[in-house]
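*Asks:* The lines below spell out each chain.
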Amino acid sequence: SAVISQKPSRDICQRGTSLTIQCQVDSQVTMMFWYRQQPGQSLTLIATANQGSEATYESGFVIDKFPISRPNLTFSTLTVSNMSPEDSSIYLCSALGLASYNEQFFGPGTRLTVL
Amino acid sequence: TQLLEQSPQFLSIQEGENLTVYCNSSSVFSSLQWYRQEPGEGPVLLVTVVTGGEVKKLKRLTFQFGDARKDSSLHITAAQPGDTGLYLCAGETGGFKTIFGAGTRLFVKA
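From first to last, the protein sequence lines stand for chains A and B. Heads up, the first sequence is in my numbering, so the first residue is 1 and it goes up one at a time. Heads up, the second sequence is in my numbering, so the first residue is 1 and it goes up one at a time.
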């Protein structure tokens, strides 16, 4: 298994500003992902963070709004740009385990509130 | 578009009762995971099922994968307040992609 930490754990931001969320894994992993989750609801995949290349975004998510970095095999950042109240959500990063199946290990999440 | 339907969406039961959560799809999955998430934390992996008809037990939790690998169930026996949380099923669709069910919010009253 992998232990994943995220910073910040929560933040309250003003409309129009940007926030960068950091995700640190305690071991090298091949795949890292970023999700968005409304409290008590399911997860929506934003993008796959690729090491050494541009992230792969899901439908409805674009790089200008959610730029992602993955400088090495243990670290990734997600920036939420030009925020609006609609961006208020929980943002989770995850990493794929070493098993053959899509077993993911998740960070504790970042709760973002945009005023 | 692949969908993974999860039911019920919400369940409130008394301690000691049994319950079953269902995940259904028209798609075939190469594997399926069950996660539990508590408030303020990320989802935690409970189990992976791979083979059609497979049954796995984790203490009071029993997981079953359908014969055609399109559906799965989670049965909890004698639920306890510590079982309270959001239960998510997730199906592997290939290419490291996973789709998540809508989740079942379980509340077990003491």
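Do not take every clue at face value.
[Unchecked claim] Only pairs whose alpha carbons sit at most 27 Å apart, straight line, appear in this in silico DSS-like list of lysine-lysine:
hint : chain 1 : residue 1 : chain 2 : residue 2
1    : B       : Lys109    : B       : Lys97
2    : A       : Lys65     : B       : Lys97
3    : B       : Lys70     : A       : Lys7
4    : A       : Lys7      : A       : Lys65
5    : B       : Lys57     : B       : Lys109
[As the list claims (entries may be wrong)] Among the chain A residues that face chain B by a calculated CB cut under 10 Å, a handful are:
hint : residue
6    : Thr17
7    : Gln37
8    : Leu96
Quick caveat, the hints were computed from the structure, so don't treat them as lab data. It should be emphasised that the depicted structure is a prediction, and the values quoted were computed from it without experimental measurement. The C-beta atom is built at its ideal place from N, Cα and C for all residues, glycine as well.
*Asks:* Hint by hint, say whether it matches the structure.
*Replies:* Right, here's what the structure says about each hint:
no.	hint	in the structure
1	B:Lys109 x B:Lys97	violated (36 Å)
2	A:Lys65 x B:Lys97	holds (22 Å)
3	B:Lys70 x A:Lys7	violated (37 Å)
4	A:Lys7 x A:Lys65	holds (19 Å)
5	B:Lys57 x B:Lys109	holds (23 Å)
6	Thr17	violated (24 Å)
7	Gln37	holds (9 Å)
8	Leu96	holds (6 Å)
Violated hints, listed in ascending order, are 1, 3 and 6; each of the other numbered hints is respected by the structure.
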